[in-house]
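Chemist: Protein chains in written order, with numbering that gives the first Met the number 0: chain W, 0 to 405; chain S, 0 to 405.
Think of the hints as simulated: they come from the structure by calculation, not from any bench.
A few of these clues could be false.
Derived list of chain S stretches under chain W, where covered just means 3 residues or more per stretch with a C-beta under 8 Å from a C-beta of chain W [claimed, not checked]:
#, stretch
1, 72–84
2, 156–164
3, 171–179
4, 192–203
5, 297–311
Taking beta-carbon pairs under 7 Å as the criterion, some of the chain S residues facing chain W (in silico) [unchecked claim]:
#, residue
6, 28
7, 58
8, 293
9, 326
10, 402
11, 404
Under the rule of at most 35 Å between Cα atoms (straight-line distance), these lysine-lysine pairs were calculated in the DSBU-like manner [unchecked claim]:
#, chain 1, residue 1, chain 2, residue 2
12, S, 323, W, 80
13, S, 362, S, 232
14, S, 49, W, 226
15, W, 178, S, 246
16, W, 100, S, 246
17, W, 246, W, 323
18, S, 323, S, 226
19, W, 80, W, 323
20, S, 80, S, 100
21, S, 226, W, 93
22, W, 49, W, 93
23, S, 362, S, 323
24, S, 361, W, 361
25, S, 93, W, 232
26, S, 232, S, 80
27, W, 246, W, 362
28, S, 362, S, 226
29, W, 178, S, 232
30, W, 49, S, 100
31, W, 178, S, 100
32, S, 232, W, 80
33, W, 232, S, 226
34, W, 232, S, 246
35, W, 246, W, 226
36, W, 361, W, 49
37, W, 362, S, 178
38, S, 362, W, 178
39, W, 49, S, 178
40, W, 80, W, 362
We put the CB at the ideal spot given by N, CA and C, even for glycine.
There are 2 protein chains.
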Amino acid sequence: MGSNAIVGQSGGPTAVINSTLAGVLQACLARGARNVYGMVHGIEGLLDEKVTVLSDTLGSEMEIELLKRTPASYLGTCRYKLPDLVHGTEVYEKLFRILNKLDIGWFFYIGGNDSMDTISKLSEYGRQIGSDIRFMGVPKTIDNDLVLTDHTPGYGSAAKYIGVVMKEIIRDATAYGNKYVTIVEIMGRNAGWLTAAAALARGEDCEGVNLICLPEIPFHLDRFLAKVETMQKEQNSIVIAVSEGVKLPDGRYVCELSDDAKFVDAFGHRKLTGTARYLSNLVANNLDTLTRSIELSTLQRAAGHLSSRTDITEAYQVGGAAAKAAFEGMTGKMVALRRISNDPYQCTTELVNVADVANLEKKVPVDWINSYRTDMSADFLAYARPLIQAELTPIYINGLSRHIIR
Amino acid sequence: MGSNAIVGQSGGPTAVINSTLAGVLQACLARGARNVYGMVHGIEGLLDEKVTVLSDTLGSEMEIELLKRTPASYLGTCRYKLPDLVHGTEVYEKLFRILNKLDIGWFFYIGGNDSMDTISKLSEYGRQIGSDIRFMGVPKTIDNDLVLTDHTPGYGSAAKYIGVVMKEIIRDATAYGNKYVTIVEIMGRNAGWLTAAAALARGEDCEGVNLICLPEIPFHLDRFLAKVETMQKEQNSIVIAVSEGVKLPDGRYVCELSDDAKFVDAFGHRKLTGTARYLSNLVANNLDTLTRSIELSTLQRAAGHLSSRTDITEAYQVGGAAAKAAFEGMTGKMVALRRISNDPYQCTTELVNVADVANLEKKVPVDWINSYRTDMSADFLAYARPLIQAELTPIYINGLSRHIIR
Chain W
0 MGSNAIVGQS GGPTAVINST LAGVLQACLA RGARNVYGMV HGIEGLLDEK VTVLSDTLGS
60 EMEIELLKRT PASYLGTCRY KLPDLVHGTE VYEKLFRILN KLDIGWFFYI GGNDSMDTIS
120 KLSEYGRQIG SDIRFMGVPK TIDNDLVLTD HTPGYGSAAK YIGVVMKEII RDATAYGNKY
180 VTIVEIMGRN AGWLTAAAAL ARGEDCEGVN LICLPEIPFH LDRFLAKVET MQKEQNSIVI
240 AVSEGVKLPD GRYVCELSDD AKFVDAFGHR KLTGTARYLS NLVANNLDTL TRSIELSTLQ
300 RAAGHLSSRT DITEAYQVGG AAAKAAFEGM TGKMVALRRI SNDPYQCTTE LVNVADVANL
360 EKKVPVDWIN SYRTDMSADF LAYARPLIQA ELTPIYINGL SRHIIR
Chain S
0 MGSNAIVGQS GGPTAVINST LAGVLQACLA RGARNVYGMV HGIEGLLDEK VTVLSDTLGS
60 EMEIELLKRT PASYLGTCRY KLPDLVHGTE VYEKLFRILN KLDIGWFFYI GGNDSMDTIS
120 KLSEYGRQIG SDIRFMGVPK TIDNDLVLTD HTPGYGSAAK YIGVVMKEII RDATAYGNKY
180 VTIVEIMGRN AGWLTAAAAL ARGEDCEGVN LICLPEIPFH LDRFLAKVET MQKEQNSIVI
240 AVSEGVKLPD GRYVCELSDD AKFVDAFGHR KLTGTARYLS NLVANNLDTL TRSIELSTLQ
300 RAAGHLSSRT DITEAYQVGG AAAKAAFEGM TGKMVALRRI SNDPYQCTTE LVNVADVANL
360 EKKVPVDWIN SYRTDMSADF LAYARPLIQA ELTPIYINGL SRHIIR
């Protein structure tokens with residue numbers, strides 16, 4: 000049985016994925032791992048034997064505190080999908096040679112549903128060759144679209160960021176008192192969890208957003224225009240939260256109507272940006288109002304300066320729970336969050352089969368959207384509100400929030 | 000002599016303009032104003048006699064604390080320019096009738112160079128008709144482009160926001176390790192003060208931005224592409240801060256090359272957005288790299304959750320200094336900030352003739368840009384660093400920063 004642990008980060012960065020890294024690292028050391036290696040740029044880097052010894056570089060409590068407050072991926076990330084086992088095992092043989100060379104006993108992969116597919120395949124291959132390496136998946140994604148877990152670490156902080164900045168955007172948009180339509184584009188290709196978080200802005204000190212458009216609901220351009228026109232009869236400033244992934248009834252993304260549709264992102268997916276800009280121009284051309292479009296863009300997943308303490312804490316906990324399970328002999332599992340109660344908010348961890356999570360997407364339940372399809376229901380607010388509670392104060396040095404880099 | 004004071008907010012919202020409102024309000028009450036009126040939507044609202052009694056609605060210390068933390072304009076703002084006196088005095092006669100009806104003795108206008116033009120004209124007309132109303136200008140703009148003042152309240156908080164989020168964007172952009180060019184568009188039509196603040200990101204925990212493009216320097220598309228290509232030979236992830244107002248050698252704005260050029264903002268100015276998107280597409284079409292564009296947009300002027308305590312304090316102080324001067328009989332002046340030293344940072348207020356400030360723009364000194372025209376000099380950093388120091392902790396209620404609304 001190997002005496003070292005290894006951990007990697009995969010998929011899109013979040014504000015709290017490094018808190019999970021801290022949880023894995025500290026729990027593995029506490030449970031007697033000799034070294035804890037980090038994969039540099041995930042499984043892709045591991046295939047090139049790019050690893051770092053975390054137990055050396057993150058030794059002090061101060062470094063751990065900074066790590067919890069550093070957004071994106073301390074180790075670097077990747078979007079690499081392992082080939083299906085039926086298509087040959089060369090890659091797997093190579094990976095296990097490297098893992099055995101590093102004397103790995105415990106393997107942790109922090110990521111979303113693609114990353115869980117990696118854990119699923121590695122544990123399956125490990126079983127076939129009788130390896131005793133434990134493979135554990137640790138959930139992470141701002142998209143909150145993993146199944147079998149109440150929510151995912153990363154979502155709470157992104158939701159808190161969206162709630163806070165929507166309030167600020169609404170204040171700004173009402174300042175002039177003139178007819179103004181502000182359309183805010185929020186991440187979410189197929190699931191509207193992040194856009195739904197815009198509903199959190201409403202309160203006794205904020206009018207709230209006037210319309211929320213999720214990818215779960217087909218988007219009709221004509222009804223959208225009619226709705227905006229009607230709303231603006233009531234008030235001059237209209238603020239709309241729209242998911243980058245809203246689709247026309249024929250299944251095309253709205254942003255495909257914009258001129259940037261030809262550009263692809265870092266992983267060859269078509270960029271889903273331009274939705275808000277397209278809609279803002281559509282409104283400007285059809286209604287008697289000024290318009291503005293805002294893309295929350297990378298800021299919503301990288302805002303370490305505005306993370307949710309609840310989220311940071313849970314992100315750390317799932318890392319620790321994964322280490323505990325692996326050291327107790329579990330493999331092929333993912334740590335999930337199970338909510339015990341909303342008020343007081345109580346949440347615990349449990350283990351689920353990673354194969355049941357891999358490659359699946361959890362969407363926003365349609366009955367959490369109001370009957371007019373314009374806003375979220377009280378059930379959604381009761382679900383989301385606890386996840387944005389409390390703050391982890393950034394460490395400000397010389398006026399800027401401090402990070403730690405590899 | 001009138002026994003009431005009146006204050007208005009004008010021009011673009013900032014994160015700290017309400018702190019100036021608090022300073023004017025409390026100083027006027029302390030000096031014996033019977034009522035302090037607020038103009039709802041500035042001078043434009045005043046012409047419709049839309050006023051509120053601030054001494055009634057903002058009476059408690061808690062309300063003042065919330066006001067300091069609420070971005071945009073509590074009173075509402077406007078973009079109304081008074082006609083030149085030579086073109087007739089009807090508007091002025093109407094305004095003074097309203098001011099006398101309200102028994103106004105002291106008049107305060109918080110804004111940028113357009114707003115100082117308003118104060119200049121009102122005090123001139125008041126002098127002509129022998130009115131004893133005191134007219135004071137109070138500086139405000141994130142653009143930092145007012146002359147005769149070391150800096151403007153609002154700039155420090157916007158600069159702090161830009162420094163913090165640029166660090167987060169840089170962390171996010173390096174996470175994948177692939178060839179990636181990120182272009183961040185920052186406000187600034189003719190002056191590059193805000194874009195220059197991106198230089199603050201560099202430090203022992205951050206690589207910093209790789210290229211800074213200000214409107215003060217003519218923008219050559221070909222040289223830009225060549226520079227990006229050269230930089231990417233050194234490192235995969237390149238992060239570029241570009242002002243929305245960068246202009247081609249022939250004087251056209253770069254964003255005029257984009258397809259949104261036809262759209263205008265709330266005040267009929269052509270929208271200067273699309274610069275980063277245009278450049279990002281240009282790079283994608285000409286170089287072998289993935290690209291991304293980010294517009295900081297409204298967030299950079301509305302981020303009350305990330306304001307500079309230094310800025311908030313100075314914003315409050317200029318309000319108080321304006322009231323002091325007006326009650327001592329001054330009129331037709333603007334409160335300016337005069338820096339005494341950088342280290343330790345010391346700054347005081349003084350009075351300047353508002354007519355010398357009105358309608359003028361202060362640009363970034365070219366010798367504060369490095370000789371390669373790619374970055375800011377140490378002199379700029381010494382100037383800007385003190386302005387972003389310290390934080391005013393938001394009051395978080397239920398997970399979101401709390402505001403106060405009219």
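Chemist: Is the interface hint for residue 293 (chain S) satisfied, with its Cβ closer than 7 Å to some Cβ of chain W?
Modeler: 5 Å, holds
Chemist: With a cut-off of 35 Å on the C-alpha distance, tell me whether residue 362 (chain S) and residue 323 (chain S) pass.
Modeler: 30 Å, holds
Chemist: Does the alpha-carbon distance linking residue 361 (chain W) and residue 49 (chain W) stay inside the 35 Å limit?
Modeler: Distance of about 33 Å is within 35 Å: holds.
Chemist: Is residue 178 (chain W) close enough to residue 232 (chain S), meaning Cα to Cα at most 35 Å?
Modeler: Judged against 35 Å, a Cα distance of about 48 Å means the pair is violated.
Chemist: Between residue 362 (chain S) and residue 178 (chain W), does the CA-CA distance stay at or below 35 Å?
Modeler: 32 Å, holds
Chemist: Would you check the hint for residue 80 (chain W) and residue 323 (chain W), treating anything up to 35 Å between C-alpha atoms as holding?
Modeler: 26 Å, holds
Chemist: Given the hint that residue 232 (chain S) pairs with residue 80 (chain S), does the C-alpha gap stay at or below 35 Å?
Modeler: The given pair, whose Cα atoms are some 51 Å apart, is violated under the 35 Å limit.
Chemist: Report holds or violated for the interface hint on residue 58 (chain S), using the least CB-CB distance to chain W and a cut-off of 7 Å.
Modeler: Constraint on residue 58 (chain S) not satisfied, violated at 17 Å.
Chemist: Checking one constraint from the list: CA of residue 323 (chain S) to CA of residue 80 (chain W), max 35 Å. Satisfied?
Modeler: 68 Å, violated
Chemist: Please work out if residue 232 (chain W) and residue 246 (chain S) have their alpha carbons no farther apart than 35 Å.
Modeler: 39 Å, violated
Chemist: Sort out whether residue 246 (chain S) lies within 35 Å of residue 100 (chain W), counting only the CA atoms.
Modeler: With Cα atoms ~57 Å apart, residue 100 (chain W) and residue 246 (chain S) exceed 35 Å; violated.
Chemist: Do the alpha carbons of residue 362 (chain W) and residue 178 (chain S) lie within 35 Å of each other, as the hint requires?
Modeler: 32 Å, holds
Checked against the numbered hints listed earlier, the structure breaks hints 6, 7, 9, 12, 16, 17, 18, 21, 24, 26, 29, 30, 33 and 34; every other hint is satisfied.
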